[in-house]
Amino acid sequence: MGALHRPSLVAAATVLLTCLPAGAGGVFGQARVTAADLATVALAAVALALLVASGRAAELPARALVLAPVAGAACIAVLASPDMAASVPGGLRYVQVFVIVPLAVMVTVRDRADRLIVGGAVVGAAAVQGVVGCVQTLTGTGASYAGERVRAVGTFGALDVMGMAGVVSFGVVILLGAGLAVRGRWRAAAFGGAALLCVPLALSLSRGAWLALLCAVLVMVFLHSRVLAARMVLAGAAAGIVLLAAGLGTGSDVLGRRAASIATAVTQPDQSLSDRYTLWRTAAGMWLDHPLTGVGPRRFAELRDTYAPIELSSGSDTDDPVHGFQRRPLLSPHNMYLLTLSEQGLLGLAALGLCLGSLAWWAVRGGAVIAAGLLTWQLADFVYGDIGGPPTLVMSVVLGLVLSRVARPAPSPVTGVPAGHGGTR
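Positions -24 to -1, 1 to 401 (mature numbering (1 follows the signal peptide of the UniProt record, and there is no 0)) are the ones given, in order, by the sequence shown.
Just so you know, the hints here were simulated from the structure itself, not pulled from any lab data.
For each residue, glycine too, the CB sits at the ideal point set by N, CA and C.
Misleading hints may appear alongside valid ones.
[What the hints assert, rightly or not] Label pairs and their calculated CB-CB ranges: (1) Gly168 - Asp59: 51 to 59 angstroms; (2) Arg39 - Ser250: 26 to 34 angstroms; (3) Cys191 - Arg159: 20 to 28 angstroms.
Please take these sequences and the hints and turn them into a complete structure.
See below:
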(Lines of atoms letter the chains of each structure in order from A and count residues from 1; the text may use other names and numbers.)
(Lines give C-alpha, C1' and ligand atoms only; values in the text may rest on other atoms or scores of the structure.)
Protein backbone atom coordinates (compact mmCIF):
# COMPACT_ATOMS: atom_id res chain seq x y z
CA MET A 1 0.00 0.00 0.00
CA GLY A 2 2.92 2.33 0.61
CA ALA A 3 3.89 2.06 -3.04
CA LEU A 4 0.39 3.14 -4.06
CA HIS A 5 0.45 6.07 -1.61
CA ARG A 6 3.72 7.43 -3.02
CA PRO A 7 4.37 5.29 -6.14
CA SER A 8 7.26 7.45 -7.27
CA LEU A 9 9.34 5.63 -4.64
CA VAL A 10 9.38 2.61 -6.95
CA ALA A 11 10.79 4.73 -9.78
CA ALA A 12 13.39 6.12 -7.37
CA ALA A 13 14.29 2.59 -6.26
CA THR A 14 14.79 1.58 -9.89
CA VAL A 15 17.38 4.33 -10.30
CA LEU A 16 19.21 3.50 -7.08
CA LEU A 17 19.28 -0.24 -7.82
CA THR A 18 21.31 0.41 -10.96
CA CYS A 19 24.18 1.27 -8.61
CA LEU A 20 24.43 -2.33 -7.42
CA PRO A 21 27.49 -4.00 -8.97
CA ALA A 22 26.33 -6.78 -11.28
CA GLY A 23 29.67 -8.60 -11.29
CA ALA A 24 30.34 -10.76 -14.29
CA GLY A 25 26.65 -11.09 -15.03
CA GLY A 26 23.22 -10.31 -13.70
CA VAL A 27 21.07 -12.42 -11.40
CA PHE A 28 20.37 -14.74 -14.31
CA GLY A 29 23.96 -15.07 -15.50
CA GLN A 30 24.34 -14.69 -19.24
CA ALA A 31 21.09 -12.75 -19.60
CA ARG A 32 22.47 -10.03 -17.31
CA VAL A 33 19.05 -9.40 -15.80
CA THR A 34 19.75 -7.06 -12.90
CA ALA A 35 17.85 -6.00 -9.81
CA ALA A 36 17.00 -2.76 -11.60
CA ASP A 37 15.40 -4.76 -14.43
CA LEU A 38 13.18 -6.50 -11.90
CA ALA A 39 12.36 -3.13 -10.35
CA THR A 40 11.04 -1.92 -13.71
CA VAL A 41 8.58 -4.83 -13.68
CA ALA A 42 7.38 -3.71 -10.25
CA LEU A 43 7.20 -0.12 -11.50
CA ALA A 44 5.03 -1.11 -14.46
CA ALA A 45 2.79 -3.18 -12.17
CA VAL A 46 2.34 -0.29 -9.73
CA ALA A 47 1.53 2.10 -12.58
CA LEU A 48 -1.05 -0.33 -13.97
CA ALA A 49 -2.56 -0.77 -10.51
CA LEU A 50 -2.84 3.01 -10.16
CA LEU A 51 -4.64 3.33 -13.48
CA VAL A 52 -7.03 0.49 -12.68
CA ALA A 53 -7.69 1.66 -9.13
CA SER A 54 -8.39 5.24 -10.16
CA GLY A 55 -10.32 4.32 -13.28
CA ARG A 56 -8.50 7.06 -15.17
CA ALA A 57 -6.72 4.98 -17.80
CA ALA A 58 -8.67 6.81 -20.50
CA GLU A 59 -7.62 10.17 -19.04
CA LEU A 60 -3.89 9.89 -19.64
CA PRO A 61 -2.44 13.15 -20.97
CA ALA A 62 -2.75 13.39 -24.74
CA ARG A 63 0.97 14.09 -25.04
CA ALA A 64 1.69 10.59 -23.71
CA LEU A 65 0.55 9.32 -27.11
CA VAL A 66 3.92 10.44 -28.48
CA LEU A 67 5.23 7.08 -27.22
CA ALA A 68 2.79 5.08 -29.37
CA PRO A 69 4.65 5.42 -32.69
CA VAL A 70 7.83 4.12 -31.03
CA ALA A 71 6.07 0.96 -29.89
CA GLY A 72 4.32 0.58 -33.23
CA ALA A 73 7.50 0.94 -35.27
CA ALA A 74 9.35 -1.58 -33.09
CA CYS A 75 6.54 -4.12 -33.48
CA ILE A 76 6.48 -3.65 -37.25
CA ALA A 77 10.26 -4.08 -37.42
CA VAL A 78 9.98 -7.35 -35.49
CA LEU A 79 7.23 -8.66 -37.76
CA ALA A 80 9.18 -7.67 -40.88
CA SER A 81 12.47 -9.11 -39.63
CA PRO A 82 13.95 -11.98 -41.67
CA ASP A 83 14.67 -13.66 -38.32
CA MET A 84 11.68 -12.86 -36.14
CA ALA A 85 12.75 -15.14 -33.29
CA ALA A 86 16.06 -13.30 -32.95
CA SER A 87 14.36 -9.90 -33.12
CA VAL A 88 11.66 -10.44 -30.50
CA PRO A 89 13.97 -9.96 -27.44
CA GLY A 90 15.45 -6.82 -28.97
CA GLY A 91 12.03 -5.43 -29.79
CA LEU A 92 10.79 -6.07 -26.27
CA ARG A 93 13.85 -4.39 -24.75
CA TYR A 94 13.39 -1.38 -27.02
CA VAL A 95 9.74 -1.01 -26.01
CA GLN A 96 10.67 -1.45 -22.35
CA VAL A 97 13.27 1.32 -22.52
CA PHE A 98 11.42 3.88 -24.64
CA VAL A 99 7.76 3.18 -23.87
CA ILE A 100 6.90 1.06 -20.83
CA VAL A 101 9.29 2.54 -18.25
CA PRO A 102 8.80 6.21 -19.28
CA LEU A 103 5.02 5.74 -19.32
CA ALA A 104 5.09 4.05 -15.91
CA VAL A 105 7.21 6.88 -14.49
CA MET A 106 4.80 9.46 -15.90
CA VAL A 107 1.88 7.68 -14.20
CA THR A 108 3.66 7.40 -10.84
CA VAL A 109 5.10 10.93 -10.83
CA ARG A 110 2.02 13.02 -10.14
CA ASP A 111 3.20 16.18 -8.40
CA ARG A 112 6.20 18.25 -7.39
CA ALA A 113 6.96 16.00 -4.41
CA ASP A 114 7.20 13.00 -6.73
CA ARG A 115 9.57 14.91 -9.00
CA LEU A 116 11.70 15.72 -5.98
CA ILE A 117 11.83 12.04 -5.03
CA VAL A 118 12.79 10.73 -8.46
CA GLY A 119 15.08 13.64 -9.30
CA GLY A 120 16.73 13.26 -5.90
CA ALA A 121 17.30 9.57 -6.60
CA VAL A 122 19.04 10.44 -9.87
CA VAL A 123 21.28 12.94 -8.06
CA GLY A 124 21.94 10.37 -5.34
CA ALA A 125 22.91 7.74 -7.90
CA ALA A 126 25.18 10.29 -9.59
CA ALA A 127 26.86 11.03 -6.25
CA VAL A 128 27.41 7.34 -5.51
CA GLN A 129 28.87 6.69 -8.95
CA GLY A 130 30.97 9.84 -8.72
CA VAL A 131 32.51 8.90 -5.37
CA VAL A 132 33.25 5.36 -6.53
CA GLY A 133 34.73 6.71 -9.75
CA CYS A 134 37.04 9.14 -7.97
CA VAL A 135 38.27 6.39 -5.66
CA GLN A 136 38.94 4.18 -8.68
CA THR A 137 41.10 6.82 -10.33
CA LEU A 138 42.99 7.65 -7.14
CA THR A 139 43.68 4.00 -6.28
CA GLY A 140 44.26 2.70 -9.80
CA THR A 141 41.27 0.34 -9.68
CA GLY A 142 39.27 1.80 -12.54
CA ALA A 143 39.00 0.66 -16.14
CA SER A 144 42.15 0.51 -18.21
CA TYR A 145 43.09 3.44 -20.41
CA ALA A 146 46.44 3.58 -22.21
CA GLY A 147 47.65 0.70 -20.07
CA GLU A 148 46.69 2.31 -16.74
CA ARG A 149 43.61 1.55 -14.65
CA VAL A 150 42.73 5.19 -14.19
CA ARG A 151 39.40 5.55 -15.97
CA ALA A 152 36.48 6.19 -13.60
CA VAL A 153 33.59 3.85 -14.39
CA GLY A 154 31.72 3.67 -11.07
CA THR A 155 29.97 0.44 -10.14
CA PHE A 156 29.19 -0.31 -13.79
CA GLY A 157 32.71 -1.51 -14.52
CA ALA A 158 34.52 -1.68 -17.83
CA LEU A 159 31.60 -3.53 -19.44
CA ASP A 160 29.58 -0.29 -19.34
CA VAL A 161 32.50 2.09 -19.62
CA MET A 162 30.37 5.15 -20.41
CA GLY A 163 27.57 4.38 -17.95
CA MET A 164 28.95 6.37 -15.03
CA ALA A 165 29.45 9.44 -17.21
CA GLY A 166 25.80 9.33 -18.24
CA VAL A 167 24.40 9.02 -14.73
CA VAL A 168 26.74 11.71 -13.38
CA SER A 169 25.76 14.02 -16.25
CA PHE A 170 22.09 13.65 -15.37
CA GLY A 171 22.95 14.66 -11.81
CA VAL A 172 24.87 17.72 -13.01
CA VAL A 173 21.96 18.83 -15.21
CA ILE A 174 19.40 18.47 -12.41
CA LEU A 175 21.54 20.33 -9.88
CA LEU A 176 22.36 23.08 -12.36
CA GLY A 177 18.68 23.51 -13.19
CA ALA A 178 17.84 23.60 -9.51
CA GLY A 179 20.49 26.26 -8.92
CA LEU A 180 19.01 28.41 -11.68
CA ALA A 181 15.55 28.11 -10.13
CA VAL A 182 16.27 28.85 -6.45
CA ARG A 183 18.00 31.58 -4.48
CA GLY A 184 20.33 32.01 -1.55
CA ARG A 185 21.98 29.07 0.15
CA TRP A 186 20.06 26.51 -1.90
CA ARG A 187 21.49 28.00 -5.09
CA ALA A 188 25.04 27.83 -3.72
CA ALA A 189 24.49 24.24 -2.60
CA ALA A 190 23.08 23.20 -5.98
CA PHE A 191 25.84 24.86 -7.98
CA GLY A 192 28.45 23.45 -5.60
CA GLY A 193 27.05 19.94 -6.01
CA ALA A 194 27.04 20.28 -9.79
CA ALA A 195 30.66 21.46 -9.73
CA LEU A 196 31.72 18.52 -7.55
CA LEU A 197 30.06 16.05 -9.92
CA CYS A 198 32.10 17.51 -12.77
CA VAL A 199 35.22 16.00 -11.18
CA PRO A 200 34.24 12.33 -11.70
CA LEU A 201 32.77 13.29 -15.07
CA ALA A 202 36.20 14.54 -16.12
CA LEU A 203 37.83 11.40 -14.73
CA SER A 204 35.46 9.24 -16.78
CA LEU A 205 37.43 10.35 -19.87
CA SER A 206 34.17 10.28 -21.83
CA ARG A 207 34.58 12.87 -24.57
CA GLY A 208 31.02 12.47 -25.78
CA ALA A 209 29.60 13.08 -22.31
CA TRP A 210 31.65 16.26 -21.97
CA LEU A 211 30.34 17.61 -25.28
CA ALA A 212 26.77 16.56 -24.51
CA LEU A 213 26.90 18.32 -21.14
CA LEU A 214 28.25 21.46 -22.80
CA CYS A 215 25.26 21.45 -25.16
CA ALA A 216 22.84 20.90 -22.27
CA VAL A 217 24.35 23.70 -20.19
CA LEU A 218 24.11 26.16 -23.08
CA VAL A 219 20.44 25.32 -23.67
CA MET A 220 19.57 25.59 -19.98
CA VAL A 221 21.35 28.90 -19.48
CA PHE A 222 19.78 30.29 -22.67
CA LEU A 223 16.30 29.37 -21.41
CA HIS A 224 17.06 30.94 -18.06
CA SER A 225 18.67 34.15 -19.36
CA ARG A 226 19.78 34.96 -22.88
CA VAL A 227 22.13 37.64 -21.61
CA LEU A 228 23.82 35.18 -19.26
CA ALA A 229 24.07 32.66 -22.10
CA ALA A 230 25.78 35.21 -24.35
CA ARG A 231 28.26 36.04 -21.60
CA MET A 232 29.01 32.36 -21.07
CA VAL A 233 29.65 31.80 -24.78
CA LEU A 234 32.01 34.77 -24.93
CA ALA A 235 33.81 33.71 -21.76
CA GLY A 236 34.10 30.14 -23.01
CA ALA A 237 35.47 31.27 -26.36
CA ALA A 238 38.04 33.48 -24.65
CA ALA A 239 39.06 30.67 -22.31
CA GLY A 240 39.41 28.29 -25.25
CA ILE A 241 41.70 30.70 -27.08
CA VAL A 242 43.85 31.12 -23.98
CA LEU A 243 44.09 27.36 -23.42
CA LEU A 244 45.03 26.73 -27.04
CA ALA A 245 47.65 29.46 -26.91
CA ALA A 246 49.07 27.97 -23.72
CA GLY A 247 49.16 24.52 -25.28
CA LEU A 248 47.05 22.97 -22.51
CA GLY A 249 45.98 19.45 -23.29
CA THR A 250 49.01 18.58 -25.36
CA GLY A 251 51.08 17.25 -22.50
CA SER A 252 51.58 13.69 -21.32
CA ASP A 253 48.79 13.66 -18.71
CA VAL A 254 45.89 11.33 -19.48
CA LEU A 255 43.15 13.92 -19.06
CA GLY A 256 44.98 16.45 -21.21
CA ARG A 257 45.57 13.96 -24.01
CA ARG A 258 41.95 12.90 -23.92
CA ALA A 259 40.72 16.48 -24.14
CA ALA A 260 43.17 17.30 -26.93
CA SER A 261 41.92 14.32 -28.96
CA ILE A 262 38.55 16.05 -29.39
CA ALA A 263 40.14 18.60 -31.72
CA THR A 264 41.51 15.84 -33.95
CA ALA A 265 38.42 13.62 -33.87
CA VAL A 266 37.85 14.08 -37.61
CA THR A 267 41.30 14.77 -39.03
CA GLN A 268 43.31 12.29 -36.93
CA PRO A 269 40.89 9.93 -35.14
CA ASP A 270 42.30 7.40 -32.71
CA GLN A 271 41.52 3.69 -33.08
CA SER A 272 38.36 3.96 -31.00
CA LEU A 273 36.94 6.70 -33.20
CA SER A 274 38.09 4.99 -36.40
CA ASP A 275 36.20 1.85 -35.41
CA ARG A 276 33.17 3.95 -34.54
CA TYR A 277 33.15 5.65 -37.94
CA THR A 278 33.49 2.25 -39.60
CA LEU A 279 30.55 0.93 -37.59
CA TRP A 280 28.51 3.93 -38.69
CA ARG A 281 29.19 3.04 -42.33
CA THR A 282 28.24 -0.54 -41.54
CA ALA A 283 24.89 0.56 -40.11
CA ALA A 284 24.25 2.74 -43.14
CA GLY A 285 24.92 -0.23 -45.41
CA MET A 286 22.33 -2.33 -43.60
CA TRP A 287 19.79 0.45 -43.93
CA LEU A 288 20.39 0.85 -47.66
CA ASP A 289 19.48 -2.81 -48.14
CA HIS A 290 16.44 -2.62 -45.83
CA PRO A 291 15.32 1.04 -46.01
CA LEU A 292 11.80 0.93 -44.56
CA THR A 293 11.83 -1.51 -41.62
CA GLY A 294 15.53 -2.34 -41.21
CA VAL A 295 17.16 -5.71 -40.63
CA GLY A 296 15.24 -6.33 -37.41
CA PRO A 297 15.89 -5.43 -33.74
CA ARG A 298 19.09 -6.85 -32.26
CA ARG A 299 20.38 -8.11 -35.61
CA PHE A 300 23.14 -5.54 -36.12
CA ALA A 301 25.68 -7.74 -34.36
CA GLU A 302 24.63 -10.79 -36.38
CA LEU A 303 25.03 -9.00 -39.72
CA ARG A 304 27.99 -6.78 -38.82
CA ASP A 305 30.65 -8.87 -40.54
CA THR A 306 28.55 -9.07 -43.70
CA TYR A 307 28.54 -5.29 -44.12
CA ALA A 308 31.65 -4.11 -42.26
CA PRO A 309 34.79 -3.03 -44.15
CA ILE A 310 37.89 -5.11 -43.57
CA GLU A 311 39.59 -2.37 -41.54
CA LEU A 312 37.16 -2.77 -38.62
CA SER A 313 38.87 -4.12 -35.50
CA SER A 314 37.86 -7.55 -34.27
CA GLY A 315 36.94 -6.08 -30.90
CA SER A 316 37.87 -3.65 -28.15
CA ASP A 317 39.99 -4.43 -25.11
CA THR A 318 38.51 -3.86 -21.65
CA ASP A 319 40.19 -4.38 -18.31
CA ASP A 320 39.21 -3.74 -14.71
CA PRO A 321 39.80 -5.49 -11.37
CA VAL A 322 36.33 -7.10 -11.36
CA HIS A 323 36.10 -8.55 -14.87
CA GLY A 324 39.78 -8.71 -15.74
CA PHE A 325 41.06 -8.38 -19.29
CA GLN A 326 38.52 -9.12 -22.01
CA ARG A 327 38.44 -8.76 -25.77
CA ARG A 328 34.86 -7.70 -26.44
CA PRO A 329 33.30 -7.75 -29.91
CA LEU A 330 31.87 -4.54 -31.36
CA LEU A 331 28.16 -5.32 -31.28
CA SER A 332 26.61 -1.94 -32.06
CA PRO A 333 27.40 1.20 -34.08
CA HIS A 334 27.61 3.34 -30.91
CA ASN A 335 25.06 5.74 -32.39
CA MET A 336 21.43 5.34 -31.36
CA TYR A 337 20.10 7.01 -34.47
CA LEU A 338 22.07 4.76 -36.82
CA LEU A 339 21.32 1.68 -34.71
CA THR A 340 17.60 2.42 -34.98
CA LEU A 341 17.92 3.20 -38.68
CA SER A 342 19.74 -0.06 -39.42
CA GLU A 343 17.49 -2.28 -37.29
CA GLN A 344 14.11 -0.53 -37.74
CA GLY A 345 14.58 1.48 -40.91
CA LEU A 346 13.15 4.88 -41.68
CA LEU A 347 9.95 3.94 -39.87
CA GLY A 348 11.74 3.35 -36.58
CA LEU A 349 13.99 6.39 -36.86
CA ALA A 350 11.04 8.64 -37.69
CA ALA A 351 9.13 7.33 -34.67
CA LEU A 352 12.08 7.86 -32.32
CA GLY A 353 12.76 11.30 -33.77
CA LEU A 354 9.11 12.30 -33.40
CA CYS A 355 9.08 11.17 -29.77
CA LEU A 356 12.32 12.81 -28.64
CA GLY A 357 11.80 15.88 -30.81
CA SER A 358 8.30 16.46 -29.43
CA LEU A 359 9.51 16.13 -25.85
CA ALA A 360 12.31 18.60 -26.52
CA TRP A 361 9.98 21.08 -28.22
CA TRP A 362 7.45 20.95 -25.39
CA ALA A 363 10.20 21.36 -22.79
CA VAL A 364 11.68 24.41 -24.51
CA ARG A 365 8.31 26.00 -25.25
CA GLY A 366 7.16 25.40 -21.68
CA GLY A 367 10.31 26.84 -20.16
CA ALA A 368 11.07 23.56 -18.38
CA VAL A 369 14.77 24.20 -17.89
CA ILE A 370 15.74 20.88 -16.32
CA ALA A 371 13.65 18.86 -18.76
CA ALA A 372 15.19 20.72 -21.70
CA GLY A 373 18.68 20.14 -20.33
CA LEU A 374 18.12 16.42 -19.80
CA LEU A 375 16.74 15.99 -23.30
CA THR A 376 19.53 18.04 -24.87
CA TRP A 377 22.11 15.89 -23.16
CA GLN A 378 20.39 12.70 -24.30
CA LEU A 379 19.95 13.87 -27.88
CA ALA A 380 23.65 14.73 -28.07
CA ASP A 381 24.67 11.54 -26.29
CA PHE A 382 22.85 9.40 -28.84
CA VAL A 383 25.23 10.68 -31.53
CA TYR A 384 28.07 8.65 -29.99
CA GLY A 385 26.26 6.05 -27.89
CA ASP A 386 23.26 3.76 -27.76
CA ILE A 387 21.37 1.71 -25.20
CA GLY A 388 22.62 -1.20 -23.14
CA GLY A 389 23.29 -2.17 -19.54
CA PRO A 390 21.92 -0.81 -16.24
CA PRO A 391 22.59 2.88 -17.09
CA THR A 392 19.95 2.57 -19.82
CA LEU A 393 17.28 2.17 -17.15
CA VAL A 394 18.33 5.44 -15.56
CA MET A 395 17.85 7.05 -18.96
CA SER A 396 14.38 5.48 -19.20
CA VAL A 397 13.37 6.89 -15.82
CA VAL A 398 14.75 10.30 -16.81
CA LEU A 399 12.68 10.23 -20.02
CA GLY A 400 9.64 9.42 -17.90
CA LEU A 401 10.46 12.28 -15.55
CA VAL A 402 10.66 14.63 -18.54
CA LEU A 403 7.39 13.25 -19.92
CA SER A 404 5.65 13.79 -16.59
CA ARG A 405 6.75 17.43 -16.68
CA VAL A 406 5.80 18.27 -20.27
CA ALA A 407 2.65 16.13 -20.38
CA ARG A 408 1.17 17.94 -17.39
CA PRO A 409 2.31 21.56 -17.83
CA ALA A 410 2.23 23.57 -14.63
CA PRO A 411 -0.16 26.54 -14.60
CA SER A 412 2.69 28.83 -13.54
CA PRO A 413 6.45 28.49 -12.97
CA VAL A 414 7.33 26.88 -9.65
CA THR A 415 10.71 27.35 -8.10
CA GLY A 416 11.96 24.19 -6.49
CA VAL A 417 14.23 21.21 -6.84
CA PRO A 418 14.07 19.52 -9.29
CA ALA A 419 10.61 20.15 -10.71
CA GLY A 420 12.12 21.52 -13.89
CA HIS A 421 9.80 24.51 -14.21
CA GLY A 422 11.19 27.40 -16.13
CA GLY A 423 13.24 30.13 -14.63
CA THR A 424 13.39 33.75 -15.62
CA ARG A 425 14.25 34.62 -19.17
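Hint compliance check: list the failing hint numbers for this structure, sorted ascending. Violated: hint 2 alone.
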